[in-house]
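Once you've looked at the hints, dock chain H against the given chain X.
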Amino acid sequence: MRHIISILIENESGALSRVAGLFSARGYNIESLTVAPTEDSSLSRMTLVTSGSDEIIEQITKQLNKLIDVVKLIDLAESAHIERELMLVKIKTSHDTREEVKRMVDIFRGKIIDVTANSYVVEMTGQSSKLDAFIHGFEEGSIIEVVRSGPTGISRGEKGLHL
Amino acid sequence: MELSGGHILVQCLKDEGVEFVFGYPGGSVLHIYDAIFHQDEVKHILVRHEQAAAHAADAYARATGKPGVVLVTSGPGATNAVTGIATAYMDSIPMVIISGQVPSPVIGSDAFQEVDTVGITRPCVKHNFLVKDVNDLAETMKKAFYVATTGRPGPVLVDVPKDMTDPNIKVPYKYPKKISMRSYNPVVTGHKGQIKRAVEMLLTAQRPMIYSGGGVILGEAHKELTELTQLLGYPITNTLMGLGGYPATDKQFVGMLGMHGTYEANMAMHESDVILAVGARFDDRVTGKLAEFCPYAKIIHIDVDPASISKTVKVDVPIVGEVKPVLEQMLELIKDSKLKPSKSALESWWQLIQSWRDVHCLEYDRNSKVIKPQYVVEQLYQVTHGEAYVTSDVGQHQMYAAQYYHFDKPRRWINSGGLGTMGFGLPAAIGVKLAFPDSHVACITGEASIQMCIQELSTALQYNAPVKIINLNNRYMGMVRQWQEFSYESRYSQSYMDTIPDFVKLAEAYGHVGMLIEKPEDVRGALEHAFALKDRTVFLDFITDRTENVYPMIEAGKGHHDMKLRVAPGTPVDRELS
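Chains as they are written, first to last, in our numbering: chain X, 1 to 163; chain H, 1001 to 1578.
Please note: incorrect hints may appear among the correct ones.
To be verified - In silico EDC-like cross-links for lysine to aspartate or glutamate, where the CA-CA straight-line distance does not exceed 16 Å:
#1 K1311(H) to E55(X)
#2 K90(X) to E145(X)
#3 K1178(H) to E1016(H)
#4 K1132(H) to D1163(H)
#5 K1132(H) to E12(X)
#6 K66(X) to D1305(H)
#7 K1311(H) to E123(X)
#8 K92(X) to E123(X)
#9 K1043(H) to E1002(H)
#10 K1314(H) to E55(X)
#11 K1311(H) to E58(X)
#12 K1170(H) to D1133(H)
#13 K62(X) to E1114(H)
#14 K1043(H) to E1019(H)
Derived by calculation from the structure, the hints in this document are not laboratory data.
Just so you know, these numbers come straight off a predicted model, no measurement behind them.
So here's chain X without its partners, still in its complex pose (with noise of 0.2 Å):
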């Protein structure tokens, strides 16, 4: 199944390899990984989409829990939470297109944030199943690039990860 885990890490140099290497030395996998500094500088906030079975996502938080970098995490997927992705795509677009793509990206509630001759920049952002399906909404070749930033997310109610 899978699962996200929204870590609270000391912003340190050398934090993000401690996660990073513990995954690939425990052979774990990781889909996605956005990491960024919170309000409080001294501490990073990591989102990590992952999966397996219940026992090694088990593993992972406890083996995660134990570095000593790691202050707090939760498994977003214990509970109620939203989840955002952002995606930057640059679609190669023509006379005859414009107006189409155009339309496809207000569907999607998306921008357009850079224009030229003949190609727009959308701006994104949504589940990562949305994303998905802008991109298949379009014909094979004419999309020229694709970023995205991995899923991140953030529990509903009032209650938070912090301090």
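Showing chain H alone in chain X's frame:
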């Protein structure tokens, strides 16, 4: 007080109460070595190879309970130490390693003797630090000792770039008395409700077993474990790392368990209905085939490391906490409980265990004309009255030591259990002897293992650490040969050496005493003579049976109840077959 980084490091060690530093100098640590030169409170032990520095410090920690300290230079100094660091990591030994690093401005430029020490050691340390500001040095050292010695112990490395120890840069020095880290809060006491459940389960068991490991030794819980075991009257087995956690000569002790454990210990585990696992981690050498591990048992597991619980074997009652306070809590509940262990159930359980004991799985041919390795260990046990500190290398001799030297006290059995590092024994013996100069220290080894760190014979002489080397010389890498005999139709691929040095001459060349023993009748006398030479290191080269194997054995992929037994002449197994 204003000090330079080099002096700060040495002062930190003094403030930590460190007695010995095991190390080897080099370019990046010259400032630190200069600071060492100016004092004699912290004694530096100059080894002959950095791997040995780590092993000696590690063994010092195993024998004393205090953290071992290592000092090595950048690049090859650090990489040489890695085997020793990994050895300590696998066995959860508290150790602090200070490694020199090239000056900060040139880090990343492939400078002379530069290596990414923090990166290389990351998977085999509990934690590591790269010091980036000399003002952080003292606090980082405090953190290193704190992390190394608390929770589940382990090695912690502090990488110190050369400019951090520049004698011209002095900063105020203050060693923190206490330290707390928001991201590191090891659990001490166990969950009360879980402990209550565990006690009820234990007291209502029909065929109980206590299975204890290295955690009991590390957690100084042997007294509590012994009291609990004797209060209940239950059988107990120890892992390789746990030997000495319960007195081996006591009648409730059924021997070591696992691959080369006793028949009675493994059978009792297999048939047990309630297992209390204390500070043990269900290692693959203990469990054998997981699917067949303890099929009838409910398992209670006490461990300070939550990640050890249900890692390989799913347990029924997990208790996260230090073993000592948890056992104390359990003892209190057991004493107050209305439930008492069922006398009749326990009686028939012990009868069953006796029937397994009657197999005498550790019997061997005592009339052999060649020296049997088991006989040497038995004689060593008698000559040293079971009081020696015994270190070992890895292989057959390690198993014979574990099987035939009966450890009644903790911290007397010093071996590389997890990583299985050949070359550990001799430097380990030196580390132990320095800690306990008045005690007997024996290194049980083989002619292959001893050659991996033999250069340390020189260190033993320099620091007057007279150890006795019990070399069980069968002219084979015995354990490799044994597996090749069993699993590869006796194709002994590369498991023997055509040239073996004359160990007597070698010992003499290093300034020690060498003895060659070729006949069983000379074993006892040689050992007595060697231990009488109190202030000399003695290399006893015992020429042992080439074909001897370690029995009993659980072969790879088999369960506890499926042991391969020795057919020794006159034993019950032999009688059964004939």
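- request: Run the structure past the numbered hints and jot down the numbers of the failing ones, going up.
  value: Result: hints 7, 9, 13 break, sorted rising.
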